[in-house]
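Student: Spelled out from the first residue to the last, the chains are:
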Amino acid sequence: MFAAFTSAYIVRREEGNWLEFDLPSILLVNTAVIILSSVSMQLAHNAAKKDNLGTLKTMLLITLVLGIAFLVGQWYGWADLVQHNIYFGGTGSNPSGSFLYVLTGVHGFHLITGLIFVLIVFLSSLKYKVHSKNMLRIQLCTVYWHFLGGLWLYLYIFLRINH
Amino acid sequence: MSSTDISINEEVHHAHEEHDHHHEQNFIEKYIFSQDHKTIAKQFLFTGIAWAFIGGFLSILFRLQLGWPEATFTFLEPILGGWIENGKLNPEFYLALVTMHGTIMVFFVLTAGLSGTFSNFLIPLQLGARDMASGFMNMLSFWIFFLSSIVLFSSLFISTGPAAGGWTVYPPLSALPEAIQGSGDGMTMWLIAMALFIVSQLLGGVNYITTIINLRTKGMSMTKMPLTIWAFFLTAILGLLAFPVLLSASLLLIFDRSFGTSFFLSDIYIAGQALTNTGGSPILFQHLFWFLGHPEVYIVIMPAMGLVSEVIATNSRKPIFGYRAMIGSLIGISVLSFVVWAHHMFVTGMNPFLGSVFMFLTLIIAVPSAVKVFNWIATLWRGNIRFTAAMMFAIGFVSLFISGGLTGIILGNSSLDIQLHDTYFVVAHFHLVMGAAAFFGMFCGVYHWFPKMFGRMMDEKLGAVHFWLTFIAVYLVFMPMHYLGIAGFPRRYYNWTGFETFNIFTDMNTFISISAILGFSAQFIFLFNFIYSIYRGRRASANPWHSNTLEWTTPALPGHGNWPGEIPAVYRWPYDYSKPGAAEDYIPQTVPFSQTASSNLPHERELE
Ligand code: HEM
Ligand SMILES: [Cu+2]
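Note that the protein sequences, when read in sequence, are chains A and B.
In this text, residue positions in the first sequence follow my numbering: the first is 1, and each later residue adds one.
In this text, residue positions in the second sequence follow my numbering: the first is 164, and each later residue adds one.
It is worth saying that the hints were derived from the structure and are not from the lab.
Every residue gets a Cβ at the ideal spot worked out from N, C-alpha and C, and that includes glycine.
Just so you know, not all the hints are guaranteed correct.
Claimed, not checked - Beta-carbon label-pair distances, calculated as ranges:
| id | chain 1 | residue 1 | chain 2 | residue 2 | range |
| --- | --- | --- | --- | --- | --- |
| 1 | A | 134 | B | 728 | 49 to 57 Å |
| 2 | A | 51 | B | 317 | 50 to 58 Å |
| 3 | B | 510 | A | 112 | 40 to 48 Å |
| 4 | A | 136 | B | 514 | 48 to 56 Å |
| 5 | A | 36 | B | 439 | 54 to 62 Å |
| 6 | B | 658 | A | 153 | 40 to 48 Å |
| 7 | A | 136 | B | 501 | 31 to 39 Å |
| 8 | B | 727 | A | 51 | 25 to 33 Å |
| 9 | A | 65 | B | 729 | 51 to 59 Å |
| 10 | B | 729 | A | 134 | 55 to 63 Å |
| 11 | A | 83 | B | 436 | 29 to 37 Å |
| 12 | A | 112 | B | 341 | 31 to 39 Å |
| 13 | B | 727 | A | 68 | 48 to 56 Å |
What the hints assert, rightly or not - If you want the ones that stay clear, here's a sample from chain A, every Cβ over 12 Å from chain B, calculated:
| id | residue |
| --- | --- |
| 14 | 25 |
| 15 | 40 |
| 16 | 51 |
| 17 | 55 |
| 18 | 73 |
| 19 | 77 |
| 20 | 80 |
| 21 | 102 |
| 22 | 106 |
| 23 | 123 |
| 24 | 129 |
| 25 | 133 |
Said to hold, decoys possible - Selected chain B positions facing chain A (in silico; Cβ < 10 Å):
| id | residue |
| --- | --- |
| 26 | 192 |
| 27 | 411 |
| 28 | 418 |
| 29 | 422 |
| 30 | 443 |
Chain B with its partners taken away, still in its complex shape (with noise of 0.2 Å):
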């Protein structure tokens, strides 16, 4: 070990010296093929907001047919064209809104946007390095996701439309262009979208995990990293182990689709005529599908776990509270997500054993969660709570989390989710879980780091019209769908009007349309402040929030290789806020003990 970390340091001086007399870089290498951290987290970030508001508009298609199943849509014949027959929307076309929101929202924002973003932006901002361990494979992993991004763009414009199996894309349906117009071309396309993606996601997950292992700066302990970055290294570890299972589901369906095995497809009747496939299994994709599915979500809301820690508690000026209770509790769920993953399963005709033992590993899960909850909780208990916009939407985290995790807990008793499955009431759970959790995580973030990437302030009094009506947009359209699973409501309906149970739910399936459209229109706001402010913003200070972690002691917009002068080093934690005895309410984590006589602890003293 210790040989490795001297020639880490070399290699640190070397990049350093390097960078001294670094040649200025052309508009290409900075912009477009620049291999710096922050550009690219900047690149994901923005390709993830696009996809946000495709993927937003999207849902708001459906929802108007949801909303209004009697009304006819011939306004929507421009962007539509041939999906709207006779006013109507396609139901096909329907079906394929559902996947690509759901594809959209799951892999291409709430993965590669916000851990692209922020792992990238952050990690070597936090930790004290220079760049990312490899930036061109950095480079890589962004151009193969935009690839990506665009192969599954595209695939909304084909003629047969987009994939429409729905985001898990569970065969046989997926498998067999004959059932269904999206399981054609539209399929093809996805899958090699997915792959790409894949790549892309490796690539990325590769290079951070060596960052954060290789390139600590002096001092910086693995318990002395900010939770953010225990966040991002453990999503990374997940990325990596969960998603070739993807691949190779992926690929195993490309062999069904197009080369006619039956890994998947068994005994199968279209139009009357049997198919040839024989021996295959469907549930088999499922296992494979929800072995990557069940630690994905945990992927896209473990990062957002790492953002609120670290904004909540420096902006209730206060210490994390059990900062290894919350890196142990990150480890449990990281563990425990690879072994739940038959609970999205438990009516596939599982053995009831099975399912009940797939019952008590999930309802596990709820204790680590519960931890860091109180842990959040007890942080901003009695702290000088700064309501920021980014504090804001923390807080609106940690509600949004404990209002879809309680209804995780009733989805988790095996017995319940026989009523429960493919209900709305799924639907509920998971969009306040982690849908709007996972993006308030990514608001939170937007706003409190826009200074360091952008080196100005994004207005606050914007932020919070944008929180409230976000906020309140969010429980308007997700808790009444909680009535309408319990009521046997279920998901992925094209129309329900011909069912007598159900048609007493109209008004309030249009009043959770109405409240989607405020909560979308909302976003609009959100994206004039971001842009304005990234042209027109208050110029920002080197450390506007007054925070503890290295990314703080940058210039106020920091430059190619991240400090001017050496790296700094660390000597304490990331958390001490509000310390007794200290001149400020903060102690940054550059500062040595032999600074802060007056507000060492006893066992600090020996540090001096």
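Here chain A stands alone, though its shape is the one from the complex (with noise of 0.2 Å):
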């Protein structure tokens, strides 16, 4: 969580100047991909909560599907920014594409982590590990998950505003 909460302001920081560059359009089905996938997290929490642990195991793959899908789709945004000549790095790449870049990898490194908790968290609820009584690990990955779904918003809205 406090990871998380650094990684905020790492990301956030970073909002420094940069030139005009055309948002690949898939951003837009992943946000929703994200928004979905925190709407199926919340699901897994109020499942355990009330120990539905059918649900929980449902809705936590579910989230995981989702959380992957988010990450394959923002490969494929990074596919659309090198077919529209848009580098990370060398020749011919400037600052505002290489800021996509870092603020999507670094974003993405922290859901990958973020994925590997929910993985965990997953197959703790395949052993009855998580229920009412236990509810402690779900509840930081779902607040951890929040706020990463939250933390892609907001970069999302900002690089709409800015770009």
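From these two lone chains plus the hints, build me the complex, please.
Tutor: In structure tokens:
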């Protein structure tokens, strides 16, 4: 959680100066995906609270899948950028493009850590270790996941406004 | 809130029971991968002292060059090897020395060595906790710091030399290995070391904050905490907010260096060749760096302020003057420290209007700083001062903080800074206010808490000699630098004999170098005293300074878990010294008001 806190800071401070670039359209789809995953995560959390273990497992699985879908989508976003000759580095790259890569990259990195966290919770839910009396883990996980979703939303809106 | 409190009390109780039938720790658990906050504190202290001597030694090397620009240094060849060419110090190595000196002192000694030692040692002891919130994270914090130390230390020995772009590592110099040797592997290692360092700081900081919020003993409200704890608390918060920014700056720099991005690079020619990078801004790096960098200087000084407040009150036998004002000014400094960073960038071509905004904000910082100085002096005023070694260093701290703070106000004026920027005036300013003052705070802490750390006393006479030599040397070194700076003498120049104007300062530079060597030598007195006293010092009693705070209610050498029995409860603030009507001139925090009827103030009667 604290790592999340500070990373919010990292990402936020990097709002430096950038120039024009076209956002890949797939980012919008990804945004929808990550919002959905937040919903399913919340549902999983609620299910755990009510000891609804079946729903809990499905919802966690859905969250996992959506999270991976988001990452894949981001990957396509990068591919799209490359096709439009916007590179991370090397000749012809410029900071506005590089910034996009860094912001999505750093976020993606955190998302991977989030996914690992969800995976751990999912595995322990298979062993019936997540229930209303053992909420700490899923609670932290939910908070972290919402945070990542919110962070992306913020980044996306930020990029939209400033591109 | 109440529910968390209950669970914590349970946990503490639980830990206590565990403690009673605790198995004997083996050597590794006890001394190496220890999770005990006292051991970790000592580990930080030893590493910090080692770094301080290395950093100090590097500064002596470059002072030799500055003091005797015409001399040959063949005698240094055994140590420096190839960096001495024909008896001359290699100019690029000179820059590397300056860089490493700054990095080591600011980050490894005065951040990790100071906060790491005293936050770890004092937070649980002064709050009445068995240990830190997470002993494991705490251990991790030290070992990651140690790893970072190893990386930085090894960079001293690689063939292209360590980083050489200054401790602020401004690009483009630091980004382009073509520009200077030190920006090759040395810089890479610098960045790795710094990334590890930041992780260590974050782990430590999270721990300090959670411990202070959650593990205070019964009765220890936030406003009954000693000022040391307040200082550590705010320092940790500053670190948590500021260090990630440095991490992001480093990350972008790494991308620029290794992945061909141009965040900080644009339109650069090296040896007539244009680089492909376009669109970057080196100023952006400065913004990121100083957004960390300015809070960082307060991360260095605030723990020292806390230690000094405590030592001054104890040894003046008087309550600290303006306890709440002290907390308020610490908070004020913390908040302001985030909005003044651009005063390091007045000459980067920023909009003059922006410059005056930052000037205004910068000068406001002088207010809380002055409040603190005033309160320290008022505490000393008509106290029964005991000149212990710790107390002398505390008073020395106040003196240095005033001298250095005054020049800060001069530098804070953007128009004056145009003349003074990047001259020795700046060097003098920050060495007095940050370097020397924080070192004095650290010495003050070591002399004062040594008995609790090692169960023995340090030698007071040697302490006094150490103090006077250091104090005099510091002023002899840094006072003349103000004059050099006003004359426009630039910092970070390897050789100035080519400039006719500066040749008149040859003697002054020699004088400064001699004083520096004197000051450095005096530190060996401390080293001797420190090591000797660990083994042979006079045995300490549990409360040798007759102090009020909780750590002195532990046994002379507190064991694992700190208090053998139950954790004491707290009834009063920590500064009841020389209270009229009291039997003794101090009343520890653990004494309830019911036992001190003769000295209670009217509003305390209800608490009896
Ligand atoms: C009265 C409060 C202070 C004011 C107004 C002030 C102002 C300034 C200004 C304007 C500079 C930039 C000078 C230049 O580069 O041209 C500066 C540099 C510096 N100050 Fe202060 N300062 C104050 C207190 C402090 C304190 C308390 C510390 C540390 C504990 C500190 C540490 C430094 C350092 C390390 C630098 C130099 C950084 C570098 O360029 O390498 N200052 N100060
Ligand atoms: Cu500053």
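Student: Now tell me if each hint is right for this structure.
Tutor: How the hints compare with the structure:
no. : hint                      : in the structure
1   : A:134 / B:728: 49 to 57 Å : 34 Å, violated
2   : A:51 / B:317: 50 to 58 Å  : 55 Å, holds
3   : B:510 / A:112: 40 to 48 Å : 42 Å, holds
4   : A:136 / B:514: 48 to 56 Å : 50 Å, holds
5   : A:36 / B:439: 54 to 62 Å  : 42 Å, violated
6   : B:658 / A:153: 40 to 48 Å : 56 Å, violated
7   : A:136 / B:501: 31 to 39 Å : 33 Å, holds
8   : B:727 / A:51: 25 to 33 Å  : 44 Å, violated
9   : A:65 / B:729: 51 to 59 Å  : 53 Å, holds
10  : B:729 / A:134: 55 to 63 Å : 31 Å, violated
11  : A:83 / B:436: 29 to 37 Å  : 31 Å, holds
12  : A:112 / B:341: 31 to 39 Å : 35 Å, holds
13  : B:727 / A:68: 48 to 56 Å  : 54 Å, holds
14  : 25                        : 24 Å, holds
15  : 40                        : 29 Å, holds
16  : 51                        : 21 Å, holds
17  : 55                        : 28 Å, holds
18  : 73                        : 23 Å, holds
19  : 77                        : 18 Å, holds
20  : 80                        : 19 Å, holds
21  : 102                       : 7 Å, violated
22  : 106                       : 8 Å, violated
23  : 123                       : 22 Å, holds
24  : 129                       : 20 Å, holds
25  : 133                       : 14 Å, holds
26  : 192                       : 26 Å, violated
27  : 411                       : 4 Å, holds
28  : 418                       : 7 Å, holds
29  : 422                       : 4 Å, holds
30  : 443                       : 5 Å, holds
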